[in-house]
Amino acid sequence: MANGSEQANLGIASQDCGIVQFDGWDDAMARFEADLAPRLGGQLPTKVGDTTYQDGKLVIRIAPRRLWLLCDGPPPAIDIDPELGCMLALGEGRVRLRLSGQNIKHVLERCVVVDWDSLQEGEGVQVGFHRVPVLLLRTGPFECDLFAPRSFARSLVEWISEVEIGCRHTGP
Amino acid sequence: MYGYSVFSILRNGLSGQKHWPLAWRAPSPKSNYDVVIVGGGGHGLATAFYLAENHGIRNIAVVEKGYIGGGNVGRNTTIVRSNYLLDGNTHFYEFSLKLWENLSRTLNYNVMFSQRGQLVAAHSPDQLDGFSHRANVMRLNGIDAEVLDRDEVRRMAPYFDYSETARFPIYGAHWQSRAGTARHDAVAWGYARAADAHGVDIIQNCEVTGFIRQGERIVGVETTRGKIGAGRVGLAVAGHTSTLGRKAGLELPIESHILQAFVTEPIKPLVHQTVAYGADHFYVSQSDKGGLVFGGALDGYNSYAQRGNLGIVRDVAEAAVALMPCISRLRILRHWGGVMDMTPDASPIMCPTPIDGLYLNGGWCYGGFKATPASGWCFAHTLATGAPHPLIAAYGLDRFRTGRTIDEAGIGPFAWLQ
Amino acid sequence: MLQIKCPCCGPRDHDEFRYAGDASVGRPAHTDADFERWYRYVFVRENPAGAHREYWQHVMGCRQWLIVERNTVNHTILSVNFSRGTPA
Amino acid sequence: MRRLNKLGRIDRSQPIAFTFDGKTMTGFRGDSLASAMLANDVTIVGRSFKYHRPRGIYSAGPEEPNALVTIGTGGRREPNLPATTVELADGLVAESQNRWPSLKFDVQSINSWFSPFLAAGFYYKTFMGPTRRSWMFYEHFIRKAAGLGRAGQEPDPDRYEVRHLFADVAVVGAGPAGLAAALAAAEAGAKVVLVEQDFLAGGYLLSEPSAGQAGAWLAGMLARLADMPNVSLMTRTIAFGAYDGNVLGLLERHNSSSVDPRQGEARQTLGLLRAKSIVYCTGSIERPLTFANNDRPGIMLASAARTYLNRYGVLAGKRVLVAADNDSAYSAAIDLAAAGAQVTIADSRAQPGPQLLEQARRGGIAVRATSMIAKAIGGHNVRAVVLIEPRGKTTLECDLIGVSGGWSPTVHLTSHLGIKPVYREDIRAFVPGKLGAGQFVAGAVTGSFTTEAAVDDGHRAGNEAFAFCDAARSSQAQVKFDLPKINAKLGVIGDDGNSGLRPKPPLSPAFSTQTNEGVGGKMNLAKGKAFVDLQMDVTVSDIALAHQEGYQSVEHLKRYTTLGMGTDQGKTSNFYALSAMAGLRGMAIPDVGTTTFRPPFTPVAVGALAGLSHGHHYKPFRRTPMHDWHVSNDAEMLETGLWMRPWFYHASSRDVNEAYVAEMRNVREAAGLMDISTLGKIAVQGPDAAEFLDRVYVNGFAKLPVGRARYGVMLRDDGIVFDDGTTTRVGDQHFFMTTSTARAADVMSRLEFLLDTAWPDLRVSVSSVSDEWAAMSVAGPKSRDILAAAFPDLDVSNDALPHMGLLEGRYRDRPLRIIRLSFSGERAYEIYAGASVGKEAWCRLIDAGTPFGLKPYGIEALGALRVEKGHVAGPEIDGRTTLDDLGLRRMAGKSSGFVGEVLGRRQAFSDPERPRLVGLRCVEDGRRLRGGAILFRPNEPVQGHGLGRITSTTYSPTLDAWVGLGLLATSAAQEGAEFIAHYPLKGEAVRARVVSPTFLDPKGDWFHG
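Chains as they are written, first to last, in UniProt numbering: chain W, 1 to 172; chain E, 1 to 418; chain R, 1 to 88; chain Y, 1 to 1009.
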């Protein structure tokens, strides 16, 4: 039980994040994935929301035929055979909000419809946050990254801060 | 008809209420009527009344599967207005409003039509321009309309959020002073009683299960209480038009959707007009009993369930507090849902159908209550003469083929877009 | 809240989805110039009180268009499939 | 004082001060407001809704119809709270309601004198004349008289939150059944949320003597549950509604220890609990009895009297009459007698069981069989009671009447999803119908009223609920555990050997045994009102009148008499009303039906449902990358959709009308810079991208060369114009589409729809890139110079970057696209820079452009510039206009196959009366055009919808004239024709001439050069 505000704080850091999106064509998925996998470190995540982390490359499956490569630095140059799929750089449109703190569950349950207890570390979930689509990636027992559209990011941070005020009273 | 008046109240008060007769009889269906109206809601009952009153047709049955007034006439937020923009709607709704203004006395039943005015807030200069356009059209068609500035709105509704933190600031409002509210159940009961007095048979717990045909023509209905022959059959079963239409062989451009309504605990007078938010779906008035009655958007998916979901409840509550922060502490007593016929252009369908002997009144979307008197009036005309009343000329079923749709909101097909 | 079990995101509140109505009406081919078929596709609705095939898009999630079979009387969801690969 | 110095679950060491109607009183920690008021001898708590009769405390729970009070002061006032559910807190301020000037003397109690004329539905029968607006006059007074509490107009100062919860098994109600169900499911391994409306768990066990076996069992269960990490017990939490998908709406109350929440603390939190399965253990509610003056203070449910005694140590009366038709009330009588009251039982049954009688005798209680109350006597508190018995009438003095008409299972939540409750003749009560998948019931709600049965039932339901949500684990191990046993000694032993909660079925329907006021028109036995719905002041004779007038369906009855419409939703009145109507109609109760139970179970504050989503948090703001620049450069910001956009800049003028003209003029004379980041942007990629665009746009894109842009129009399937924008081919298989700000999300979703459902064979990927790019437009004769100065590395010459050309580059190591497009008619460029460096790019253009006269402009000027150029936008693309209407038909030159083509040729679309786009020019000096004006021919009668309307206008500094776009009947829209633009709101009628909508530079030399 946290007692008061000093313990019950939540860290929010905001940073840019490179994202490269890969889309495969419906009728060429097997070849597309076989082609792409080695270049993204080996295995590709199979289920939507799953991630792989290999060779410093974090890959998450965003949709059945869509993968995102998340990278802190400049994205690697990867060419896709147009017969198999396409790629698109999405590094500018989203802000990566890193949330951490003992209170994270209590903050999140006031932000998103996500069962934090059953979300594994390294698992991502795309969900509405104040009617804005975000990607929530659990990165630790008390940490997650929220990928939020840049135009909404400030409002969402304000919301998180507002929610966090209340959490100081209830504690985790 | 046993007259209702202050004198009859005094007389009954002194004699243990024993003189009050049945408000309407409970007859068994006859084998044949000149007109059978399917659906004992506001529209069906009003149609029966005006058929008798205006056209002298007395041999009428209204058949209702449950109890009269159990559909949308008894589930709505009771707002009556005539602020329509498009030709085809404007005069129809204004005619309806004029009938409302005399309705209690027409029916000798107090429907409590209260012309407290309707205020629709505008939250941008563009929206205010749109309201001005609408008000201009209304005025040019002889309907009262005004556009208010922010200060005028503030005098009228001091409880709106005029603060710096209001998410959607108030720029002004559309105002129709003759708009108002009515006691919804009383409308159904008043029409029923008045129709009954003209000899109309109101037959409850009588569900139509099919139609009787003679060649191509429909000549009656099959019901859970037996077959009933009819010179003409009028359908007025909004919410379930598709289901009955299908039994008759009609293919219709209608989806059924849920619209929720809410009522708070009764409080002393707070909201003196009917009020609508311009930035989202929220409209409210205060009933004479004191409860705030309000509503919002459709639940958003086809449904016949007569109950709504929590998502819209929250949306409506959010909009309510955003517009009038003092509503926050008031508590919701009940929320419920009605089944709406939604048409591709959100305007009603009222016309003779391609099937001989069958007439359709439906597709009222979420605007049926205010239309009740005019709908009954015009549908009665249509049933009596076989041809649409001029005021409903635009409400034909063929308009989707021809492109003469009446899309006030400009959203296009279908209800889930609205 | 309806709980729609997205085939790739799991059960979610329906307000994460965008609704698009009846999925049983077949869309005419884009080159089809037949008025009647387009009229029926755009306007005519079966609107059943009972099982209803309908389109939902998971806009807050994977953005896939789904075909949901749902009872319109009691809101029970009978099946959820990707629109892609589901026979009409 | 009625407070005893023993008994109860209150902490006598912690006194709590509160006030009622200004009088300071003291209660204890663990009190409800009602128990504390009773302890302080408060008998009258409020005045009734219609007749203003004095009312006291009737129950000890959320079913309370009478004891409604207003809590708090100022913005924190909350009217209509049942004192029985308010937890006592330090400094709590309570006020009685619906009385003036005082509770003891209330002017409107005169209504009682007029009551013969105020029967059900009287208002439908009068107030109709003399004029048609008379109702408005009467209504004024009726409204003032109606309503209970008063609401403030100030904003609610308190905070509410909404949170999302998950459980394997949710259990509603922490009585014996709920506790057992929770433990069973938790022992099996489920994540359990156990919800209890009270501030203590235990349900009816709390009303048992606390020192007894019930207390021990309860303590044991709570200790076990507290040790389990997978169990969350939420007290002070009401499950107010059951919704589809096994979602429960919960309302948590927080302010237990203090009246006002601390800074930042939520007063209430709405919980949305998504459970795999739910066990409803919602218990039952005791039914009242109906007799004359059955509403007098001092009359309460027998179980409530017992609760006040055993839970709160308050003996509510010293001379008590318990009237009942069942066994359960005996336990109340016995406990009250044991606490020192003189108790008489009036049992309507002829032969109460011998064991019951023996128990009563041992408790020193007189039992009168075949005895019913005819009438209560007393005004502000009951003083005596008149009983009718076979021997005749008897009057007994008493100061408390405990009534029990049996028990109604609390079926509300189980009915919320449209599952009709089912009537069981054997217990004369409704029980839940067959529930949907994953929903279970246990305990008294099922109609089995013994504590042991509740525990066993809860255990079973808990296991079943777990099995449902986790079939795999459940089949492996049906966990056995030793549920603490609760034996049959609890409460009073009835003759069947079961514990005391079981009501014996009444001998005949409740209404006929206990109704002395006219059923079927037979009045009399006793004068005085017999209430069915205490809160709404509905009497037995109101029900009879409704029946007499034909309002006989249950719903008609409810609506005509207002029965069950109060804040208690008729929790104590529904059953009686139903059985009364059944009796009047000569029907069985199930044939009469039951009303629909609607959420919420108890009232929920609107603010709690809204949570934090109000004020500026109501909807999130969308901000462009340049937002802060606009704000710090004194832009007047305006909301469009959720976006914040500069409307105009105060540097141009403080007044919008002057500002936009200045900004326009600057664009035409030098150059302007506009933030257009809000445009929708979509990447369309893939081998079939061009084919795809050919289908969605009316015009062709397949032949668009790489590096070129094209304006495109999309239709809806019904042939109405959907949206417009430009699409640029940035690669052979890669297009960059822009949409209008308003339609961005709809267009995106529509494209995905077509690909997923209609044309899955097309190899096309669409992605929203709206947020990827900061977008700005430089427009004006100096725009090229400015661009060259800002990006000296790029060749922006007319040859390298012609109109509709594309130039790609890098800016600050981010992608940069410059597309030469013009909305204003000027030479203009749209610059797309990576959003993360958008503000820098903007500033760079400002810096480079200032020497050339570059100034920012807002959307007011943008709109005006496009009107001058004759470009259609939102006011024209209003969801009702076609290609022809907007003069865009020539774009659809393709052979076939675009969305909306077929229905876009519907018959009415070529009607000669159909309005189409025209330009309009004001021809009166010193006057102006206005959007929303209606167009009539000169000398034509000014009525109706006119021949058209003005959609958009602007003052044109170039032409020094007011110009506008309009939609005007095709047959009338000849260039040169004059019309009068009527604007009745301002009483204006202004002459305007039809001209080409392209007011400036018809050949396009400006933007091509």
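Hints were generated in silico from the structure; no laboratory data involved.
Check each hint, because a few of them may be wrong.
Stated by the list, open to error - In the EDC-like style, the derived pairs of lysine to aspartate or glutamate whose C-alpha atoms are separated by at most 20 Å in a straight line are:
hint, chain 1, residue 1, chain 2, residue 2
1, R, K5, Y, D813
2, Y, K986, E, D288
3, Y, K50, E, D288
4, Y, K703, Y, D746
5, Y, K125, E, D288
6, Y, K839, Y, D813
7, E, K227, E, D34
Hints, one by one, checked against the model:
At roughly 42 Å between alpha-carbon atoms, K5 (chain R) and D813 (chain Y) are farther apart than 20 Å, so this suggested pair is violated. Pair hint K986 (chain Y) plus D288 (chain E) does not hold up; C-alpha atoms about 36 Å apart against a cutoff of 20 Å. Between K50 (chain Y) and D288 (chain E), the direct Cα distance comes to roughly 13 Å. Compliance with the 20 Å bound is thereby established for this hinted pair. Pair hint K703 (chain Y) plus D746 (chain Y) does not hold up; C-alpha atoms about 26 Å apart against a cutoff of 20 Å.
With a CA separation close to 16 Å, the supplied pair K125 (chain Y) and D288 (chain E) stays within the 20 Å bound. Between the alpha carbons of K839 (chain Y) and D813 (chain Y) the distance comes to roughly 14 Å, so the proposed pair stays at or under 20 Å and holds. A C-alpha spacing of about 14 Å is found between K227 (chain E) and D34 (chain E), which places the hinted pair at or below 20 Å, so the restraint holds.
In summary, the numbered hints that this structure violates are 1, 2, 4.
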